[in-house]
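Trainee: Single-letter residue listing:
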Amino acid sequence: MNEFSRRGFLGLAGAAGVAGLAACAGTGTAPSSGGNGGGASSNTIEFWSNHPGNSKPVEQQIIKAFEAANPNLKVKLVDAGKNYEEVAQKFNASLAGGQLPDVVVVSDVTWFNFALNKQLAPLDDLLSAAKIDTSDYVDALYNDYNLDDKHFALPFSRSTPLFYYNKDLWKAAGLEDRGPKDWDEFLTWAPKLKAAAGSDKVVMELPDGSNYLDWVFQNMVWGYGGAYSKEWTPTFSDPNTVKAGKYLQDLAKNGFLKLSKDPAPDFTAGIVGCSMMSTGSLGGVAKDAKFDVGTAFLPGDGNCPTGGAGVGIPANITDERKKNALKFIEFLTNAQNTVTFTQATGYMPVRKSAVDLPEEKAFLEKNPNAKTAIEQLPKTRSQDNVRVLLPGGGARIGKALDQVVQGQDVATVFKALDAESQQVFDSQIKSKLGA
Amino acid sequence: MSTSTVIGTLDDESLPPERTRRQRRRAAHNVEPSSHHRGPVWTALGYVGMVLVVLLVAVPLFWILITSFKDRGDIYVRPAQWWPSPATSDNYHELTTRIPFFDYVRNSVIITSATAVAKIVLGVLSAYALSLLRFPGRSVVFLVVIAALMVPNQITVISNYALVAQLGWRNTFQGIIIPLAGVAFGTFLMRNQFLSLPGEIIEAARLDGAGPMKLLWRVVMPMSWPTLVAFSLITVVNEWNEYLWPYLMSDDETTATLPVGLTFLQNNDGVTNWGPVMAGTILAMLPILVLFLFLQRQMIKGLTAGAVKS
Amino acid sequence: MQSSVTDSRRDTPVSAGPPEQVGPAPRRSSGKAWEWTLAALLLLPNLVLLVVFTYRPLLDNIRLSFTDWNISSPVANPVGLANYVEWFGRDDTRVVVRNTLVFTVATVGISMALGLGLALLLDQKLKGRNLVRSVVFAPFVISGAAVGIAFQFVFDPQFGLVRDLLARVGASSPDFYQQPGWALFMVTVTYIWKNLGYTFVIYLAALQGRRADLDEAAEIDGASAWTRFRRVLMPQLRPTTFFLSITVLLSSVQVFDIINVMTRGGPQGNGTATLVYQVYQETFVNQRAGYGATVATIMFVILLAVTVVQVRFMDRGQKS
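Protein chains in written order, with this note's numbering: chain V, 1 to 435; chain H, 1 to 310; chain G, 1 to 320.
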């Protein structure tokens with residue numbers, strides 16, 4: 001037997017000669033030694049969250065309601081990190097031999113590796129046992145967590161990009177008060193916007209490759225008929241994908257586009273004409289901007305990538321704990337609570353029926369920009385595998401896009417990206433699929 | 001500080017610890033050799049240098065400070081606003097109300113003091129053994145100690161997490177403190193210091209029949225005060241700012257430290273209001289700066305004790 | 001502070017006066033039984049902590065560097081030297097090593113030189129020096145993450161102080177976040193700013209402990225300020241310089257927070273990625289913990305080698 005047990009390596013104090021424990025190989029999927037012990041009693045649900053969108057108070061509010069409805073259950077809310085990456089890091093640490101949580105926040109990027117390595121429980125059987133109807137979840141959001149026809153998380157703090165624009169600048173450029181229909185139309189607007197903006201302002205600013213340009217750029221790629229990948233086959237060299245890359249490059253070359261670490265403050269200060277940013281930024285931007293903020297669907301039709309995070313349940317806890325955990329995440333994401341949560345944070349309601357609730361109707365009445373985001377929701381599209389499911393996908397594509405914006409040859413850069421992505425898939429994913 | 005001076009100090013154990021302020025100042029003057037013969041040109045250059053330093057180092061500090069008093073809408077403006085107008089204390093209010101700020105302060109104080117005390121004691125004892133005691137394999141042990149400085153904590157945390165969690169110490173003070181308590185840096189620094197002490201004094205004290213612990217407390221430590229102060233200061237700073245391990249180990253404000261708590265002011269998917277974050281940075285830094293002001297006096301005082309008898 | 005970490009005997013290299021023996025006198029034997037016991041007692045608690053919480057993980061890490069371990073996986077398959085072969089053959093290795101070298105050499109050299117200069121300056125009897133000492137030390141007190149956040153107000157190409165100052169003289173600001181060279185410059189400057197307080201305080205402590213009589217003797221002999229600096233002061237500060245050269249190097253190589261907050265290793269993927277950042281990136285972002293362990297092991301070996309060379313170099317300097 002050739003496999004070393006990682007838990008053997010990591011869990012045993014000072015066990016330098018632990019290679020002898022190779023016989024444990026493959027037992028890692030059995031309940032971990034700390035999984036059920038050490039204080040976490042089965043009627044306390046430990047919820048590991050990074051409180052996306054500063055949501056700790058509203059999480060606490062929902063927990064209180066849950067405890068009132070289920071007097072025999074308690075929920076312990078744990079500060080598991082400052083962002084999705086840190087929650088994943090802490091969850092990984094607990095997988096190495098600590099006590100597992102009952103519920104953990106997993107992002108569009110982090111859930112997959114946990115699922116692939118059998119660390120998240122498939123929810124389908126649990127859901128049907130609990131007679132929970134999943135058809136009310138927004139389809140694109142629910143199906144984001146699909147692997148081998150099983151679902152590994154429920155959507156929780158979900159966002160999409162929106163097209164933000166400065167209405168004052170739009171007016172000065174003599175444009176209609178709306179977003180561009182597609183990116184070709186935007187190109188005809190750009191010179192007018194540039195003329196109206198003057199030399200010290202930027203027509204469009206997008207986040208750079210270290211800050212999720214690869215997320216919003218999917219919209220341009222899909223708009224030109226390309227994609228990062230079809231299922232698991234990378235398609236960066238597809239002529240349409242390359243065309244989108246060239247489009248991005250030309251925007252920069254002509255001085256219409258700049259990249260930055262964070263476009264939100266630049267846009268808010270009025271020195272940027274438009275941007276594609278998360279719906280999560282809506283509250284902050286609207287509050288600080290001293291001009292009229294416009295929001296629109298991303299250009300094109302049905303080309304808006306989903307994003308944000310869901311909640312999952314660790315695979316290696318007892319069935320009793322899983323059952324309770326599921327009860328909690330269903331409650332956390334039901335129509336009523338998704339409305340409470342999203343109104344406090346700016347995320348998208350994850351239930352179709354949410355928009356029919358009177359409080360949501362009233363809210364949208366008062367917040368037309370939030371309405372844009374919700375109306376766009378049915379037009380969203382699940383992201384391409386090589387970005388969200390391939391390890392390091394986002395960073396890899398972001399790097400290439402940075403290079404493209406800096407003027408390197410698109411076809412060459414994208415071809416290399418194809419090869420690299422394929423290699424990562426072959427070495428890290430292929431053998432584990434369907435296993 | 002000549003050899004005979006120090007010996008004199010050591011022999012005289014009845015030396016009154018308190019001296020008058022003036023004596024102390026005069027003594028301080030004595031140990032600063034370069035200060036008594038500077039011409040006016042040198043002095044003027046010195047002041048120019050100080051002004052330059054303050055400008056370069058203090059401007060970013062100043063920026064953190066004024067940002068902590070700015071309205072949210074005034075933080076990102078062009079041209080930059082060099083003075084908050086209007087000045088507001090809202091950020092400080094938000095800092096102390098939106099997160100359990102004082103809980104984090106309490107935890108940071110507990111964890112930093114416990115870890116720093118452990119490190120200082122262990123560092124001094126280890127350094128003493130590695131410099132003034134003779135035993136086989138001494139240099140190997142020393143190498144083992146300093147090589148620990150070469151292990152980045154990114155690779156130790158996962159493994160340590162598993163161990164500490166199995167002990168049931170997650171989200172406890174001991175779970176955070178004990179894994180941080182081993183000391184490599186301080187052992188290195190203090191050993192360097194102890195080895196630099198004049199050999200005759202050590203020998204003389206030994207001949208006088210001073211046991212090893214008495215030698216440490218009465219002879220070695222009094223001569224190593226400035227270095228010990230520097231060691232303590234740096235240790236306190238490092239523990240105070242430790243992030244990765246406390247974040248992994250703590251679950252909530254019962255044990256989480258200030259650097260962990262302050263991150264919850266940032267919006268991890270949206271627009272962060274930097275005002276309260278800057279206010280938190282200022283408040284987190286103040287206690288350590290006060291400690292520095294206090295300790296740097298001690299640094300000079302410690303020397304004065306040795307030099308005054310010359 | 002005068003002496004070395006490697007040898008308890010040395011001569012004080014002073015131009016005036018005969019060499020004087022400092023450091024504990026050598027003993028004939030290698031100690032007695034009670035000395036061994038006492039040493040063991042004093043060292044044991046610290047060694048146990050280091051072994052359990054540093055060396056045990058390090059051994060795990062070395063072992064895992066020969067596997068394909070995925071960070072979330074319960075199993076790790078042995079792959080022999082494959083990770084090492086891959087590291088030496090990969091294009092990004094060159095970039096990361098170059099970044100690490102540039103960053104480390106710049107931060108070690110500049111922060112030590114400035115720290116010494118400031119310590120010398122603020123050791124003078126100047127009015128207000130206590131305040132200035134605190135100012136110099138203050139950045140060191142702030143956490144790396146907070147410094148990274150604060151310096152976005154310095155380098156931001158739209159709102160930063162640098163832009164503001166350059167605009168006053170009619171120049172435009174480079175885009176520090178998008179151009180790899182400038183980005184590396186930015187994190188280097190930020191790191192030096194933060195860590196100046198460290199080299200400063202250690203040098204200051206050493207200056208306070210130095211021997212006034214040697215300097216005075218040299219001055220009476222008519223030596224110039226430069227000669228006194230070079231022949232009297234620097235040799236006395238030698239152990240301190242040696243100590244700093246090792247500790248600053250080790251902490252520079254392991255910089256993480258500042259880079260993570262300011263650039264996430266970018267622009268263009270690895271514009272500011274250093275070895276430790278690569279360890280993090282491979283382990284937690286790309287989930288290739290086995291490969292990350294390989295990078296960490298390689299880094300450990302390099303650091304160990306460099307430190308041994310430093311110790312040797314110091315030794316030789318001592319004997320000449």
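Hint data in this document are derived by calculation from the structure and do not stem from the laboratory. Don't take every hint at face value.
[Claimed, not checked] Just the calculated beta-carbon pair ranges, DEER-fashion:
1. H:VAL77 to G:GLY222: 36 to 46 Å
2. H:ALA58 to V:SER42: 55 to 65 Å
3. V:ASP184 to H:LEU56: 43 to 53 Å
4. H:VAL59 to V:ASP148: 53 to 63 Å
5. H:LEU289 to V:ASP184: 55 to 65 Å
6. H:LEU56 to V:LYS290: 28 to 38 Å
7. G:ARG90 to V:ASN143: 33 to 43 Å
8. H:ARG297 to G:ARG230: 24 to 34 Å
9. H:SER89 to V:LYS361: 52 to 62 Å
10. V:LYS192 to H:LEU289: 25 to 35 Å
Idealized CB from N, CA, C, for every residue including glycine.
Trainee: Taking the earlier hints as the rules, which of them does this structure contradict?
Mentor: 1, 9 and 10
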